[in-house]
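Enquirer: For this note's numbering, count along the sequence shown from 1 and bump the result up by 9.
Accuracy of the hints is not assured; some may be wrong.
[Stated by the list, open to error] Here are the simulated DSS-like cross-link-like pairs (lysine-lysine), alpha carbons at most 30 Å apart as the crow flies:
#, residue 1, residue 2
1, 237, 200
2, 200, 301
3, 340, 383
4, 237, 283
5, 200, 283
6, 244, 340
7, 301, 340
8, 223, 244
9, 237, 301
10, 340, 283
11, 223, 192
12, 283, 192
13, 200, 244
14, 237, 223
15, 192, 301
Hints in this document: simulated from the structure, not taken from any laboratory.
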Amino acid sequence: MDRRDVASNRGRSSARGAGRRQGWRGRGEDRGRPSSTQPASSAASSSPAAAAAATARVSDAPPIVGTCPDMCPEAERTQRERLRDLAVFERVGSDPRRTSASLAVKKFCRTISSTSVQSSDIRPLPVLRETMDYLLHLLNSSEYPFEIVHDFIFDRTRSVRQDLSMQNLVNEQAVHIYEDVIKFHILSHQKLSRSCQDSDASSMCYLNTEQLMKCLVSLFEMYHTINKSNYHSNKEAEYYSFYVLLHLGCKIPKMADSLSLWYSHLATSIVRSKEMIFARTILRCYHLGNFKLFFCMIADEATDLQLCLVEPFLNEVRARALLYFNHSGYKLQHHPLTHLSEILMIEEMELEALCRICGLEIRESGDTKVFAPKQTSFILPTSISRTSGIHISRGD
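Please work from the sequences and hints to get the whole structure.
Expert: Have a look at this one:
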């Protein structure tokens with residue numbers, strides 16, 4: 010795959026060109042509120058009453074109702090065919106100049122305003138649902154490297170969110186779409202973290218986490234709105250727990266409030282839910298160094314998506330556990346790797362590699378590999394290779 014193929018996934022050039030062609034004015038990502046097109050000189054000369062009236066007319070304008078029947082508007086498909094701006098997933102027979110309604114997906118446009126966009130450019134809710142299902146199906150593609158798959162879905166899900174916002178859609182179906190977008194970002198969080206040593210993957214990981222946080226904030230606002238109609242998503246507690254788990258490592262952009270204050274704004278049913286109790290306990294164990302409870306709870310209670318969020322920090326906790334084992338006990342009281350691998354829920358071969366990264370000397374004692382405590386060569390590495398997850402040894 011050449012650089013043109015990779016670049017075509019990033020969704021920039023044609024979106025900007027389309028913005029200039031249609032005269033769209035941006036108000037930032039995912040903003041769908043109408044923006045005034047009044048020239049600055051005219052606005053300055055108008056009276057405050059006239060300006061207020063104009064603002065009221067814009068804000069009172071009904072939201073756009075999308076009528077686009079396809080995953081990508083026909084006009085955009087035609088333009089992108091002409092510009093050879095088709096991602097590898099959108100091409101008919103690998104031809105960069107040909108696509109179809111069943112392959113092309115609308116790109117994210119950074120500069121857009123609902124005062125000028127046509128309803129035929131916006132996808133209605135059923136089409137957005139169809140688009141989201143198609144993108145999630147692509148997530149399992151093994152034909153291309155995951156970074157290529159992620160880059161494509163990353164851009165197209167932003168476009169899905171943008172169309173939802175343009176139409177002011179806040180209902181049960183919109184919530185489910187947002188939950189699926191967050192699911193994509195969490196699965197990407199896990200997969201990108203496994204290859205985070207690469208600079209490109211590291212950048213993708215940061216941007217993915219940034220969008221994940223934005224999606225969670227938007228979803229929480231949607232939960233708050235639809236709860237007034239006595240509708241509650243059955244995934245609500247789990248998705249609130251994701252925000253707590255993202256505080257592991259403290260490497261995320263936080264909301265304005267502290268976690269304790271954030272908890273106080275949540276419904277009691279959410280705070281007392283098993284998903285939230287799990288997340289809060291995991292975070293507490295992480296900071297207190299209670300690695301035994303940390304791993305036991307993950308093995309027993311973590312949902313698949315919760316495990317995806319926690320996985321990048323597992324080897325960090327294991328390294329801190331090795332620090333404890335190295336400082337405890339007597340020099341002649343060796344620690345068998347077989348026993349430690351069960352406690353830390355990691356394969357023995359992977360644990361041995363982690364011990365060597367930490368500077369521990371591994372010896373053989375009969376048929377078992379061990380390390381002696383009190384080794385002065387131990388170091389707590391600042392960068393640790395990612396793990397393949399939780400390994401649970403099961404007896405016969």
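Enquirer: Each of the hints needs a verdict: does it hold here or not?
Expert: Status of each hint after checking the structure:
1. A distance of roughly 37 Å separates the Cα atoms of residue 237 and residue 200; the hinted pair therefore is violated under the 30 Å criterion.
2. Of the pairs offered as hints, the one joining residue 200 and residue 301 holds, with about 25 Å between alpha carbons and a cut-off of 30 Å not exceeded.
3. In summary, the hint linking residue 340 to residue 383 is supported, as the alpha carbons are separated by about 6 Å, within the 30 Å threshold.
4. Distance restraint check for residue 237 and residue 283: the Cα-Cα separation of roughly 23 Å lies within the 30 Å cut-off, and the hinted pair is therefore satisfied.
5. Between residue 200 and residue 283 the CA atoms are separated by roughly 26 Å; this keeps the pair inside 30 Å, and the hint holds.
6. Distance hint between residue 244 and residue 340 is unfulfilled; the C-alpha atoms sit about 50 Å from each other, more than 30 Å.
7. For the proposed pair residue 301 and residue 340, the alpha carbon gap of about 23 Å is at most 30 Å, so the pair holds.
8. A C-alpha spacing of about 18 Å is found between residue 223 and residue 244, which places the hinted pair at or below 30 Å, so the restraint holds.
9. A threshold of 30 Å between alpha carbons decides the hint, and for residue 237 with residue 301 the separation of about 41 Å lies outside it, so the pair is violated.
10. About 42 Å separates the Cα atoms of residue 340 and residue 283, which puts this hinted pair outside 30 Å; it is violated.
11. As the CA atoms of residue 223 and residue 192 are separated by approximately 13 Å, the hinted pair is consistent with the 30 Å bound.
12. Simply put, residue 283 and residue 192 have alpha-carbon atoms about 19 Å apart, close enough for the 30 Å limit, and the pair holds.
13. In summary, the hint linking residue 200 to residue 244 is supported, as the alpha carbons are separated by about 23 Å, within the 30 Å threshold.
14. This hinted pair checks out: residue 237 and residue 223 have alpha carbons roughly 22 Å apart, not beyond 30 Å.
15. A C-alpha spacing of about 28 Å is found between residue 192 and residue 301, which places the hinted pair at or below 30 Å, so the restraint holds.
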